[in-house]
Structures are given as structure tokens and as C-alpha cells.
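A.B. asks: Take a look at the letters that make up each chain.
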Amino acid sequence: MRNMEKYFDISYIWNSLPVLLPFLKVTFMVAGLSIVFGTFFGLILAVMKLGKSKIAQKTANFYTTILRCTPSIVLLFLVYYGVPALADNFGLYLHDLNTAVFVVITFTLQFAAIMSEVIRSAYESIEKGQFEAAVSVGLSPFQAYRRIIFPQALVVGLPNFGNGLIALLQEGSLAYTIGLIDIVGKANLIIAANYNTHALEIFIALAIVYWVLSILIEKFFGKLEKVFSKGKQTINTN
Amino acid sequence: MLKINDIHKSFGKNEILKGVDLSIDKGDVVVILGPSGSGKTTLLRCINFLERADSGNATFGDLQVNLHDASKKDIHAIRQKTAFVFQNYNLFNNKTAIENVTEGLIIGRKIPKADAIAIGKKALDKVGLSDKYDSYPSQLSGGQQQRVGIARAVALNPDIILFDEPTSALDPELVGEVLTVMKNIANEGTTMLVVTHEMSFAKDVASHVIFMDGGVVVEEGSSHDIFVSPKEERTKKFLKRVLPEDYTFYI
Amino acid sequence: MSEGLNYTFLIDTFFVALSGVPITLFVTIVALLVALPLGFLLALTRINQVPVLNWFSRIYVSFVRGTPIIIQIFIVYASVPLILSLFFNRYNININVYDINPIWYAFIVFSFSTTAILIEVFRSALSTVNKGQLEAAQSVGLSNFQAYRRIIIPQALVVAMPNICTATVNLIKATSLGYAMSLQEITLKAKVAANAGYNYVEAYIDIFLVYIILCSLVEYGFKLYEKRLRRYKYASA
Ligand SMILES: Nc1ncnc2c1ncn2[C@@H]1O[C@H](COP(=O)(O)OP(=O)(O)OP(=O)(O)O)[C@@H](O)[C@H]1O
Ligand SMILES: [Mg+2]
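Chains as they are written, first to last, in the numbering used here: chain W, 1 to 238; chain E, 1 to 251; chain V, 1 to 237.
Everything labelled a hint here was simulated from the structure, so no lab data went into it. Predicted, not measured: the structure shown is a model, and the values here were computed from it. Among the hints, a few may not be true.
[Said to hold, decoys possible] BS3-like, lysine-lysine: derived pairs with alpha carbons at most 27 Å apart:
id: 1; chain 1: W; residue 1: Lys58; chain 2: V; residue 2: Lys223
id: 2; chain 1: E; residue 1: Lys73; chain 2: E; residue 2: Lys3
id: 3; chain 1: E; residue 1: Lys13; chain 2: W; residue 2: Lys128
id: 4; chain 1: W; residue 1: Lys54; chain 2: V; residue 2: Lys223
id: 5; chain 1: W; residue 1: Lys128; chain 2: E; residue 2: Lys237
id: 6; chain 1: W; residue 1: Lys128; chain 2: E; residue 2: Lys110
[Claimed, not checked] With beta-carbon atoms standing in for the labels, derived distance ranges:
id: 7; chain 1: V; residue 1: Ile29; chain 2: W; residue 2: Ser140; range: 48 to 58 Å
id: 8; chain 1: E; residue 1: Asp25; chain 2: W; residue 2: Thr59; range: 44 to 54 Å
id: 9; chain 1: W; residue 1: Asp96; chain 2: V; residue 2: Leu209; range: 26 to 36 Å
Here a beta-carbon is modelled for each residue, glycine too, at the ideal position from N, C-alpha and C.
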């Protein structure tokens, strides 16, 4: 082995950042779509969990348990190979689909499971009396949800939503395994172009990018929570 | 003005209300007494459709509904005519005192915001909270919260206000301020249906007292009838228990 | 693939995937054995504001929570051989770093990340145990150590247990990334089996099933244990 100084060159970290950062666009796009779809399906699952139908409850809980037990990379490949194979049965040819589509499907499935729990627990944290008081002053049930339950549940759910986003972003780093050229995919391309030397520096650059992003998301949601938490102060003058 | 006929309600196998009748005229203050678990809360909640009765009828003025299968429209109409004061206040945690009071006016009744705020301030003034318009529930004491709860009901100017043990979650020293407010609005001619364990309130303010036990009305009459010359054994026993020494005080 | 699933392969590979379970569990258990005590000690440094260690723990936790585990794996897998070879060269130890069994890297990475996760778990659990409990224990003459051992830890453990369960399940799932270190665990074994005939769908269904079984069992085990802890809690109250 050559000596360490020659092998580890810190300038590779800084120099790779400008090359890597534009590829965050891909990361964000894939994450953004997964968030939108995942939140939507998560809401449906949450409604199923909170509703009266036992079958719907069981189904939604079963889904969440399965997804919680499946490693992202396994789900990713299951979708990547499984969806086109399944589509074949219906005469659809999906093998040439853009990899990003499979990534979005995977993380939509996963984020929906996360969001269903976030929404359920936020909803359940609001006492039933809030709804009853709202309809007792003449609000319709929809207005009661919209104006009284939702704003309060939002405050409870926000930190968990933020954590869900961070989890999604991090699990998304595995998308390179099916060939998505996001920031991790690009990093691997750079390393390959360097004949596998200076991989460590590039990985450290990647770690810095993700670390900063996670901290920013956390800070952002901390701020957001403060903005939304009207009436949450607990200065009891009692 | 409000008439309830033969209301039944079970939770699972437990029959909680076994055919209760009730009649309230405009300006009446009807107090419901009864031991814990006798179905008082359930009765109020059924009247406001917070709980769906198994059977029974209600007449609100000219509106007649079946308590079991009332339509959404009827339920909404009845809730517009009534207001509810909860045992644990149930103030909207995300809204200030004034917003709590105006929410039903602006959103439920579609009253212009400026008018609603004027009404809301008047209601809060009435319960002695002129200095707390912009406080959130978490910044108010229990007694203050319940007074906001009452202001929220009063502001709606409903045909009747239903009170479910409005003082029983309060520390003893805070009970007085809430009862005073309730007496004041009763004196203004507000129609009230009150479940309470405060015997002094029942004696002083009630125009009609109902004693419930085991899901039925055991005895009813003026407060004098019930407190001074109860006829039913169960009523006597109950009163003896809740008014051990002070009993003579009421005669 | 359009000719449907290859069921014999599906069944055979299920057992191939299953044969990766011992390695997965081995890595999981070693990581937990390192992370549980270390995470607890570092959580104490956070709670008690121990000067330097407190800061170290904060940055450490923030880093692990802020970066994907795959990148932590990349970094360890790229840096540890470098450091080791430098070390071996200097002291003239004749070991080729590339002969080291990848399981050692797995131990390092997963202990490293699980410790950080458990610091947070223990920190929040310990902070829910009322400060009065410690004072009360001291007031009846228990030493600091005894107070923790007999009063604080049993209570904190009940609070922490669901989160330890989640951390364990996440750890098991994370070992599926062992492929990046050529660790012969569930995912890699089944994948290699699939390479020959391109039976990827079948292989991933098998992997999927094995993880679901494994994680469900772990969750179930934790539930039983939690029940016991709680019963103990109330029975002795
Ligand atoms: N949602 C419910 N599900 C099942 N049982 C209920 C429910 N609500 C009330 N009950 C039962 O109905 C019975 C009557 O309850 P209710 O609250 O009407 O009594 P109450 O007269 O208001 O008593 P208290 O003076 O203690 O408030 C109780 O035995 C209670 O356990
Ligand atoms: Mg009651």
C-alpha cells in the first residue's frame, strides 16, 4: 500500500461537491414525488385504520407491519423486478420504464406506511371532546375537522412528518442500486472514473451533503412547529 | 319548547336510558340530579346527538325529530338551536378565548366577523373575562376556562343550553365563580338544562328538578317538592347521602 | 419472466435465504451487545452534561441520524483498511487487510450506528424518569450506582423497550446492506442464487418473506418481554 497522505487527499472532498450537488435535483424530485403520493396513500390508510370497518383496519395494519419489516433495498428490487413481471401478465411491457419510476413507486409504498402512522397518532392525540365541542356550537363535522381537529393534529404530527422526510431521504440513497443517477449514483460514477481511488473522500462529501440536509430539515420543522403551535404554551395560571 | 319522549339508549348489553321523558318550557331552569352512572350525561349527549339514542322522539319548537334516525340536516338544525357546556370544558386548544366564542358564530352561523367579535366580547364580559380575550386555554385557570365555555354557549343565543356537570372538574375554590355566572344567565331568562351535583344551585335556581336513577326519572317537581318533601324512597336516600348535615338548612 | 414464477426455484431459494439468517442474527446480536451498554453510558454523559463527552455524543448522534447507513458503510469500508494497513505497515505486522473477514466491518458499522440510535433512546427514556426518583433513592441511603441499578434503570427500560425494539428491527433490516461489504447474509445469498438463472423476482420474494418472518418474530418477542416487564412493574408496585 502507498502511504496514507498520498491516498487520502482532502481536496477531493471540496472538489467533488460542485459536481455532486446538481444531482440533488434528481434526489429531490424522486423524494418529492414519493412524498406527495405517499402522503396521499398514507391518508387513505390512516382513514382505514381510524374507521369503523374491522376489515379495513386489519388490512391497513397488515400493510404497515409488512412494510415496516421490509428493508428498503429489498422492496426496491422487489418493485424493480416484480412490477414489470406482474405487468407482463396483463400484457403491459414495462421493462424499459425509467428507473426513477420504480424508485418513486418503492418509496411511495414505504412513505405511505410511515405517514399512515404519523397521521393516525396525530389524530388520536386530539381528545374527542374537541370534535364534540365543535359540533355543539353548530359546526358541521367537516368544518370541525377542518378548523379544530386538523390544525391541532398538524402540530402533533409535524415533528414526526419531519422525521419521516429525513428517513425517506436517507432510504432514498439506495436508489443508485437499481441505476438511478442521483447524488449517490453520481458519486459512484466519479469513483469509477477515478479507478476506485479516493473513494473515501467522495463518500465523505456525500455524508456531508446528507448530514447538512438532515439538519436543515430538522431545524425547518422545529421552526414550523413553533409557528403552528398556537395555544400550545403551558403557562397554567391555575 | 323542548320535549323528549321515551328515550332509550344501550351501550352493548347495558341499558343506560330506559324510557326517559322530559319537558322544558322557555325560561325554565331544569336541574337533573342523580347518582353517578344513572345516565344523566348520556341523556344530555343524546339530546345533542353526541350519542345516537336507540329510540325516542324530540320536539324542538316546531321541529320534530326521531332521536334514532334523525337526518344530518335535522341534527345540524338542532345543534344550531342548542349549546353544550362540557364537564371538562373542551375549549378549542388552538384558539384564543375570543376565537373560541366566535367560532360557532362565524363558521356555523355565518355571522359577519365584526359582528361576531362584538357578540363574543359581550359574552366574555358577561362571564367576567374582559381581560382574557386573547388568552389561549392553556393560559387560563380551570374556572376561567369553564367561564369561556359558558360564554361560548351564551354567545350562540341558543334556545337552550345544556350543562353537563360544569363545575365538577374544578377545584372547590373555583366552583363559586362558575355558579355565579350560571345564576346570572339563568336570571336573564336563559333556558337551561343542567346536570349538577351542586345542591345549592339546584335549590336556588332550578324552576324544576328531576331526580334520575337507573336510567329512569324517579321523581320530579319544583325544588321545594324534591328537597323538602320527596316522596320516593330512592330520592330520600340520595338526598340523605349528598346533604348529610345541611339537610335541615334547605327546609 | 412472463412465463410466471419458477416455483421450484422459489422454494429452493427460500432455504438459501434462510441460510443467511444466522449471519444476520450474529451481526445483530454483536451490534446490540456493543451498543446497549455503550449507548447507555453515553446517554448518561448527555443527561449529566459531562463536559467533552456530552459534546462528542451529540455530534456523533447527529451524524449517524443525519446520514444514510449505506454511506456510513461506504466510509467504514473505505477507511478502516486504510487505517489498518497504515498501522500494520508501521509496526511491521504481516497481515493483509484484504484478508480480513467482512463480518468485522459489519460489526464495526452496525455497532457504530446502533450505539448512536440507542444513545437517543436511553436519553429520552432516562429523562422521563422523574428526578425525584433519584433523590428519593439517595434519601433512603442508596449510592448513586445503586439508585441507577435498582430504581432508575428498571423504570427507564420499560419506557425504552418499544424504541429498542424498533432499533433492533431497523438493525436487522440494515444488515441487508451487508452486500456492500460482501457479507454473506440473507440478501446477498439469495441474490447470488438468482444470478445464475435471472430468477430475481423469486429471489426477492424469498428475501422479503424471510425478513418479514424474522422481524415479526423479533417484534413478537419484544412484546412478550415488555408484558413481563410491565407485569413486574405493577406487581411490585
Ligand atoms: N361510550 C360509552 N360506552 C359504554 N358505556 C358507557 C359509555 N358512556 C357511558 N357509559 C355507561 O353508561 C352509564 C351511565 O353513564 P353516564 O355518564 O350517563 O352517567 P352519569 O349519570 O352522567 O354519571 P356521573 O354522575 O358519574 O357523570 C355508566 O355506567 C357508563 O359506564
Ligand atoms: Mg356524567
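A.B. asks: Run every hint past the structure and note whether it holds.
C.D. replies: Status of the hints after comparison with the structure:
1. Straight-line distance between C-alpha atoms of Lys58(W) and Lys223(V) comes to about 19 Å, which keeps the hinted pair within the 27 Å bound.
2. For the given pair, Lys73(E) sits about 19 Å from Lys3(E) by alpha-carbon distance, which is consistent with the 27 Å threshold.
3. A distance of roughly 23 Å separates the Cα atoms of Lys13(E) and Lys128(W); the hinted pair therefore holds under the 27 Å criterion.
4. Restraint check for Lys54(W) and Lys223(V): the C-alpha separation of about 22 Å stays at or below 27 Å, so the hint holds.
5. In summary, the hint linking Lys128(W) to Lys237(E) is not supported, as the alpha carbons are separated by about 35 Å, beyond the 27 Å threshold.
6. For the hint pairing Lys128(W) with Lys110(E), the CA-to-CA distance comes to about 25 Å; that is within 27 Å, so the pair holds.
7. Against the hinted window of 48 to 58 Å, the Cβ-Cβ separation of Ile29(V) and Ser140(W) comes to about 56 Å, which satisfies the hint.
8. Our hint of 44 to 54 Å for Asp25(E) and Thr59(W) holds, since their Cβ atoms are close to 52 Å apart.
9. Roughly 29 Å separates the CB atoms of Asp96(W) and Leu209(V), a value that falls within the hinted 26 to 36 Å.
Checked against the numbered hints listed earlier, the structure breaks hint 5 alone; every other hint is satisfied.
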